[in-house]
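The listed protein sequences correspond, in order, to chains A and B.
The first sequence runs contiguously to residue 305 in this note's numbering.
The second sequence runs contiguously to residue 1307 in this note's numbering.
Among the hints, erroneous ones may be present.
The calculated label-pair distances, taken between Cβ atoms and stated as ranges, are [stated by the list, open to error]:
#: 1; chain 1: B; residue 1: Arg1136; chain 2: A; residue 2: Asn124; range: 41 to 49 Å
#: 2; chain 1: B; residue 1: Arg1136; chain 2: A; residue 2: Phe10; range: 55 to 63 Å
#: 3; chain 1: B; residue 1: Arg1026; chain 2: A; residue 2: Gly267; range: 55 to 63 Å
#: 4; chain 1: B; residue 1: Ile1051; chain 2: A; residue 2: Asn124; range: 33 to 41 Å
#: 5; chain 1: A; residue 1: Val163; chain 2: B; residue 2: Ile1051; range: 49 to 57 Å
#: 6; chain 1: B; residue 1: Ile1051; chain 2: A; residue 2: Leu126; range: 32 to 40 Å
#: 7; chain 1: A; residue 1: Ile60; chain 2: B; residue 2: Val1170; range: 19 to 27 Å
#: 8; chain 1: A; residue 1: Leu17; chain 2: B; residue 2: Arg1026; range: 35 to 43 Å
#: 9; chain 1: B; residue 1: Ile1030; chain 2: A; residue 2: Gly39; range: 40 to 48 Å
#: 10; chain 1: A; residue 1: Leu126; chain 2: B; residue 2: Ile1040; range: 19 to 27 Å
Footprint (simulated), chain A over chain B, 3 or more residues, beta carbon under 8 Å [to be verified]:
#: 11; region: 1043 to 1050
#: 12; region: 1101 to 1111
#: 13; region: 1127 to 1138
#: 14; region: 1158 to 1170
#: 15; region: 1184 to 1193
If you are wondering where the hints come from, they were derived from the structure by calculation, not from laboratory data.
Each residue gets a CB set at the ideal place from its N, CA and C atoms; glycine is no exception.
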Amino acid sequence: MLRYLLRRGFMALLVALTVSVAAFVLLNVAVDPAMAIAGEDADLLLVEQIREQYGFDRPIYVQYFEWLTRLFHGDFGESYYWNKPVGELILSHAPVTLQLALMAIFVTVVISIPLGTLAALKQNSLIDRIALSTAVSAQAIPNFWLGLMMIILFSVTWQIFPVSGDDTFAHFILPSFVLGASSVPAVMRLTRNGLLDVLSSDYIRTARSKGFGGIRLLLQHAMRNALLPVVSVLAVQLGQKLGGSVITESIFAINGLGRLALESILGGDIPTVQMLVFVFALTFVIMTLLADLLNAWLDPRLRLG
Amino acid sequence: MSSTELPISGTPLTLETETVTELTPRQLLIRRIKGHKGLIIGFTVIIGLIIVGIFAPMFAPHDPYEQILSKRLIPPVWSPGGTTEYLLGTDHLGRDYLSRLIYGTRISLMIGYGAATVGLFIGVSMGICAGYFGGRVDQLISYILTCQLSLPGLLLTMTLVFFIGPSVYVVIGVIGVLHWTYYLVVSRSAAMQIRQMDYIAAAKSIGCSKFHIIRKEILPNLMSQIIVIFTLEVGFAILAESALSFLGIGIQAPTPSWGLMIAEGKVAMFFQPWLVIIPGAALFVLVLATNLMGDGIRDVTAPENRN
Chain A
1 MLRYLLRRGF MALLVALTVS VAAFVLLNVA VDPAMAIAGE DADLLLVEQI REQYGFDRPI
61 YVQYFEWLTR LFHGDFGESY YWNKPVGELI LSHAPVTLQL ALMAIFVTVV ISIPLGTLAA
121 LKQNSLIDRI ALSTAVSAQA IPNFWLGLMM IILFSVTWQI FPVSGDDTFA HFILPSFVLG
181 ASSVPAVMRL TRNGLLDVLS SDYIRTARSK GFGGIRLLLQ HAMRNALLPV VSVLAVQLGQ
241 KLGGSVITES IFAINGLGRL ALESILGGDI PTVQMLVFVF ALTFVIMTLL ADLLNAWLDP
301 RLRLG
Chain B
1001 MSSTELPISG TPLTLETETV TELTPRQLLI RRIKGHKGLI IGFTVIIGLI IVGIFAPMFA
1061 PHDPYEQILS KRLIPPVWSP GGTTEYLLGT DHLGRDYLSR LIYGTRISLM IGYGAATVGL
1121 FIGVSMGICA GYFGGRVDQL ISYILTCQLS LPGLLLTMTL VFFIGPSVYV VIGVIGVLHW
1181 TYYLVVSRSA AMQIRQMDYI AAAKSIGCSK FHIIRKEILP NLMSQIIVIF TLEVGFAILA
1241 ESALSFLGIG IQAPTPSWGL MIAEGKVAMF FQPWLVIIPG AALFVLVLAT NLMGDGIRDV
1301 TAPENRN
């Protein structure tokens, strides 16, 4: 287990470093940061001045290593647009996004696991068909449109939930449903297919032949194995939601990391955008690492692989 | 002992066999296609929308850009106050909504198919290399895949499109370049299986070059799987474009894009919800049809892989 842990940890570190290089190069080559600060129609002389002042005229690898060294010293850079340290910005916006992401994953779990289980237990029945066609249609719904429909229905027509903002718990209900719904098709399919595989395996037949059955068979024997891949997918989805709630946050005017990202892009604030890309990627890497370790802990066969 | 006369030339002794007409693979495929409702529905809708997109000027009753401010926010024909002149009503600038919707088909289809094609070239070429060569090449490409998966896709797409300058081609390029992992995973594992086939060994033994084997032996056998992924990626790219345009980072006004129409309709959403409902429903129908077609092609070409 320790060897596995070390190997996976080293890989994660390597991936995080590579991703930071990729993000840095992409945002400094495809985008001219001096131009982004100066604005679209700025004087060329001013752009040159900014380029020298901020050091964008130096070779890219020098800039990267300076960025990385600062990062290791806990200096996340300075935002041109917000006139604040980027680290402070990210820290102040993170809790809202964390709450939203956790609630969204909760929504996903509550909808997709029972639905997937029912669909697998009653394969080819009406429930199974409803579940599968819900998954197919849910995949085709534009997420931001679903959000707007929810606002029209639940905030304007019936006035159950507030339209936008992030002050109270009630503000988070619609956004977390919208964000969580986007993962339902994938997780539901995975639950259903995993459970179908397990239910047709030999050890379940053996357990049945010994007279063991019903809900206890399902929970104690079948679900434990069927949910292994679901756990890792959920961790990955959580990683994505922590970085991918840009749309949901902008629709519901939630002042989290996604909205910070959108406004920083529109404001031409490359240092903030760059750090956000890196932080999101790092979150994702850590979540996948945790998912792998969790799976290796739950399933000893994986540790050898 | 009675001798029974054996009928030698009487009724001929025939084995009563069921007349099994051997179906060719092609006939079998056509039979499966005909039996697959989702595929037929999806395919029909897509073909219909492609025709609407290509011949948009003929279908659109009005100019999609013409603003008549005196005819602002006319509701659709089925709600009170609607007129048959503007079947889906008009938007906040008095532009005919149906015409804008029809022209918007072009944007969605162009970006969907364009971006999925860009991704196809990147993903499939990397996937085949990884699967066919294996070893170090495979390790390197799998590592690139892991890194790509960790990058926040939507945020990077938004950033690059915004700073490079939003236009149809930039949106196609950026979505395509950032979205090829699915192609890679599928073509890699398929190429790994095909590599072990006898006909590959045969091609090697008569001295075919690696490039020839990849192009003439492996690629044709991957086609059906690639088409399935392509179709599903078209749906993804359409949704990605609409999300970008909705956030104001993709297609710019006054070009009619469905995502942008939703963003513009959002302003008047509370008293004229149809402005938001209609383009969203159009997106839903297009993407649903695309996905149905993709799922259908998968079921029809590889029925054993159905889950």
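Query raised in the report: For which of the previously enumerated hints does the structure constitute a violation, in increasing order of number?
Result: Numbers 2, 5, 8, 9, 11, 12, 13, 15 - these are the hints that the structure violates, sorted from lowest upward.
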